[in-house]
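Participant: Sequence lines, in order, name chains A and B. Going by the working numbering, the first sequence opens with residue 1, and the numbers climb by one from there. Going by the working numbering, the second sequence opens with residue 1001, and the numbers climb by one from there.
Calculated directly from the structure, the hints in this document are not laboratory data. It should be emphasised that the depicted structure is a prediction, and the values quoted were computed from it without experimental measurement. Take these hints with a grain of salt, some might be off.
Computed cross-link-like contacts, DSS-like style, restricted to lysine-lysine with a CA-CA straight-line distance of at most 25 Å [unchecked claim]: (1) 1050/B <-> 1036/B; (2) 1232/B <-> 1036/B; (3) 1021/B <-> 1043/B; (4) 1186/B <-> 1200/B; (5) 1232/B <-> 1014/B; (6) 20/A <-> 1313/B; (7) 1280/B <-> 1409/B; (8) 1313/B <-> 12/A; (9) 1232/B <-> 16/A; (10) 1186/B <-> 12/A; (11) 1151/B <-> 1036/B; (12) 1043/B <-> 1344/B; (13) 1409/B <-> 1350/B; (14) 5/A <-> 20/A; (15) 1186/B <-> 1043/B; (16) 1043/B <-> 1151/B; (17) 16/A <-> 5/A; (18) 1200/B <-> 1119/B; (19) 1119/B <-> 16/A; (20) 1186/B <-> 1350/B; (21) 1186/B <-> 1344/B; (22) 1151/B <-> 16/A; (23) 145/A <-> 74/A; (24) 72/A <-> 16/A; (25) 20/A <-> 1119/B; (26) 1186/B <-> 16/A; (27) 1313/B <-> 1200/B; (28) 1233/B <-> 1043/B; (29) 1151/B <-> 1119/B; (30) 1200/B <-> 20/A; (31) 1232/B <-> 1050/B; (32) 1186/B <-> 20/A; (33) 1151/B <-> 12/A.
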Amino acid sequence: MLAEKYAGRIQKVFAKYPDKRSAVMSMLYIAQEEYGWVSPDGVREVADLCNMDPTQVRSIAGFYTMYSEQPKGKYWLQVCNDLACALKGADEFHHDLKAHLGVEEGGTTADGLFTVEHVMCLGACDRAPMLQCNFHFHENLDMDKVKALITQWRAESGA
Amino acid sequence: MADKNYPIVIYREKEIPDIWKYDVYVANGGYGAFQKALGMTPKAVIDEVKASNLRGRGGAGFPTGVKWSFIPQTEPVKYVVVNADESETGTFKDRQIMENNPHQLIEGALICAWAIQAKAVYIYLRGEYMDVSNALDERINEAYAAGWIGKDIQGSGWSCDVYTHLGAGAYICGEESALLESLEGKLGQPRVRPPFPAQKGGGLYGEPTVVNNVETLANVPFIINNGAAEYKKIGTEQSSGTKIFCLSGHVNNPGNYELPFGVTFRELIYDLGGGIPGGKALKGILPSGGSGPIIRVNDEVLDAPLTYEDMQKFGTILGSASVIVMDETVDMTWVASKITKFFKHESCGKCTPCREGTYWLDKVCDRILRGEGQASDVELIANVARNMQGVTLCALGDFAANPIIHTIKNFPEDFNQHFGAGAATRVLRGDAVPAAGD
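Whenever a hint applies, use it, and build me the whole structure from the sequences.
Facilitator: As structure tokens, then:
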């Protein structure tokens, strides 16, 4: 249960706001961290915590792109291919990364490690091509650099 | 002309590398402006900011002091919300402020909070800036520990808290009323106005609220320290101070450049930006990211002063000054399509013209790029785009119309090459354009 496991963090979040509902976005991040995605159980727990209806919580989870309503790979790779990045070859980079991992857009590798998809502008346009892995930025990339990162992530996961 | 001595108001890490550290910030006068403001009446602070001619740096350019003066002082609960959602395509300036000079933002926000007698400051960061937000929390804690935030600040009898709030990936939350909805734990969709955020019923939790961009507030300590007159010496008559230009696209040295208003595209792109890779010719500039009108480059454009007022003469806006540079190889039809895909994804779905318009614009742009369009498609998308203007609750509907209307107006030949015998077909890799039949 999130309420027990993350009690300290949850209390700190609630302390910020006069209304519990304002904490829903932070709670969804906690649920996603715990379950790997915003699962039905996670939605129910967040709803209880924030005094909201589960349907309202699901609508929030669906509206914002950083919440995943499906299980993802252990490493969620999101490549920015918006205009500024695309001018620096991000479309080609995105294509080659998917080919390297053998996945389609939004797909996950068979070993469950990597999900690849494109995202809208991440505010790192001067360091293109770039991607975020589980919300941490990796910038000024090329295929050699990203292959090295993938090797490193594979090693970290013990695969 | 990299040796030119441009004034620095915001990116002070260029002169003081470790200014992000509390001790270094304080050793260089940090929080002195806030201390000075606490010795002034709130009204005097607002008047000083008004006199400085500081305008909102998020894109709209609204006079900051005027915005603060709209707050009814008779209301007991008021809020300051810092817009750190920074989601406009090509914009990455606020992240650098929060990473490298975070205390100056906190100090500016506190001065604003004093000026309107706010109960709390919420800094709304885009979700992807999670690491930035965590670091900013530490800086805020340092300011609490030093007594700049919290109860009875510096014996003033006034208490104020400062919190970060993380978004979760929605461009629309940079729109102030959608941001407030999101902060209240609702869908990030724009509100019907009036009431405006500054009015009772229109702000955060229904209380009067000032919403200011990160860069805007980071200017405030300089103004209080040095006075409005000193600030107005930087820039031009109508556009005072410095502006951070986010330079990206086809340029050798992309990055953030803090420059006084009035410098030119030529200085920015060629002198500082190092020109176009491969010595190619410059074709188009988006001065304000994906949302502002694109301009066709000529000498007159390159030598025009970069100010709010001068950009209007070229049918565009300075906006957030997110300058995306495109060389002679770029097909502007593809640019229109790329930006349209952005707005299609980011439309919140509340207003029909924006939600449906972006969908159809995207479909027809794809068709044109696949070489399956017809000449009448250009008028078709222009017509759809025109019908999205001025009829939505927020500016996103207008923004989404801009890439279509202004690429067609300024680069008609780029569209026309896609029709008839020997039509150009831009085959894009990745998922930018689905194959025919998909």
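Participant: Please go over all the hints and tell whether each is borne out by the structure.
Facilitator: Cross-check of the supplied hints:
1. 1050/B <-> 1036/B: 17 Å, holds
2. 1232/B <-> 1036/B: Between residue 1232/B and residue 1036/B the Cα gap is close to 20 Å, so the pair holds against 25 Å.
3. 1021/B <-> 1043/B: This hinted pair is violated, its Cα atoms lying about 31 Å apart.
4. 1186/B <-> 1200/B: 19 Å, holds
5. 1232/B <-> 1014/B: 22 Å, holds
6. 20/A <-> 1313/B: Distance of about 48 Å is beyond 25 Å: violated.
7. 1280/B <-> 1409/B: 23 Å, holds
8. 1313/B <-> 12/A: 50 Å, violated
9. 1232/B <-> 16/A: Not satisfied, since the Cα-Cα distance of roughly 37 Å exceeds 25 Å.
10. 1186/B <-> 12/A: 20 Å, holds
11. 1151/B <-> 1036/B: Distance of about 18 Å is within 25 Å: holds.
12. 1043/B <-> 1344/B: With a Cα-Cα distance of about 43 Å, the restraint between residue 1043/B and residue 1344/B is violated, given a limit of 25 Å.
13. 1409/B <-> 1350/B: 29 Å, violated
14. 5/A <-> 20/A: Roughly 19 Å between the alpha carbons, so the hint for residue 5/A and residue 20/A holds.
15. 1186/B <-> 1043/B: Since the Cα atoms of residue 1186/B and residue 1043/B sit roughly 34 Å apart, the hinted pair is violated (cutoff 25 Å).
16. 1043/B <-> 1151/B: 22 Å, holds
17. 16/A <-> 5/A: Roughly 20 Å between the alpha carbons, so the hint for residue 16/A and residue 5/A holds.
18. 1200/B <-> 1119/B: Within the cut-off at roughly 15 Å; holds.
19. 1119/B <-> 16/A: 12 Å, holds
20. 1186/B <-> 1350/B: The hint holds at about 13 Å.
21. 1186/B <-> 1344/B: 21 Å, holds
22. 1151/B <-> 16/A: Given that 25 Å is the threshold and the Cα spacing comes to 15 Å, the pair holds.
23. 145/A <-> 74/A: Given that 25 Å is the threshold and the Cα spacing comes to 19 Å, the pair holds.
24. 72/A <-> 16/A: Outside the cut-off at roughly 30 Å; violated.
25. 20/A <-> 1119/B: 18 Å, holds
26. 1186/B <-> 16/A: Measuring from Cα to Cα gives roughly 16 Å; hence the hint holds.
27. 1313/B <-> 1200/B: 37 Å, violated
28. 1233/B <-> 1043/B: 23 Å, holds
29. 1151/B <-> 1119/B: Cα-Cα ~10 Å, so holds.
30. 1200/B <-> 20/A: Roughly 21 Å between the alpha carbons, so the hint for residue 1200/B and residue 20/A holds.
31. 1232/B <-> 1050/B: With Cα atoms ~11 Å apart, residue 1232/B and residue 1050/B stay inside 25 Å; holds.
32. 1186/B <-> 20/A: 12 Å, holds
33. 1151/B <-> 12/A: Within the cut-off at roughly 18 Å; holds.
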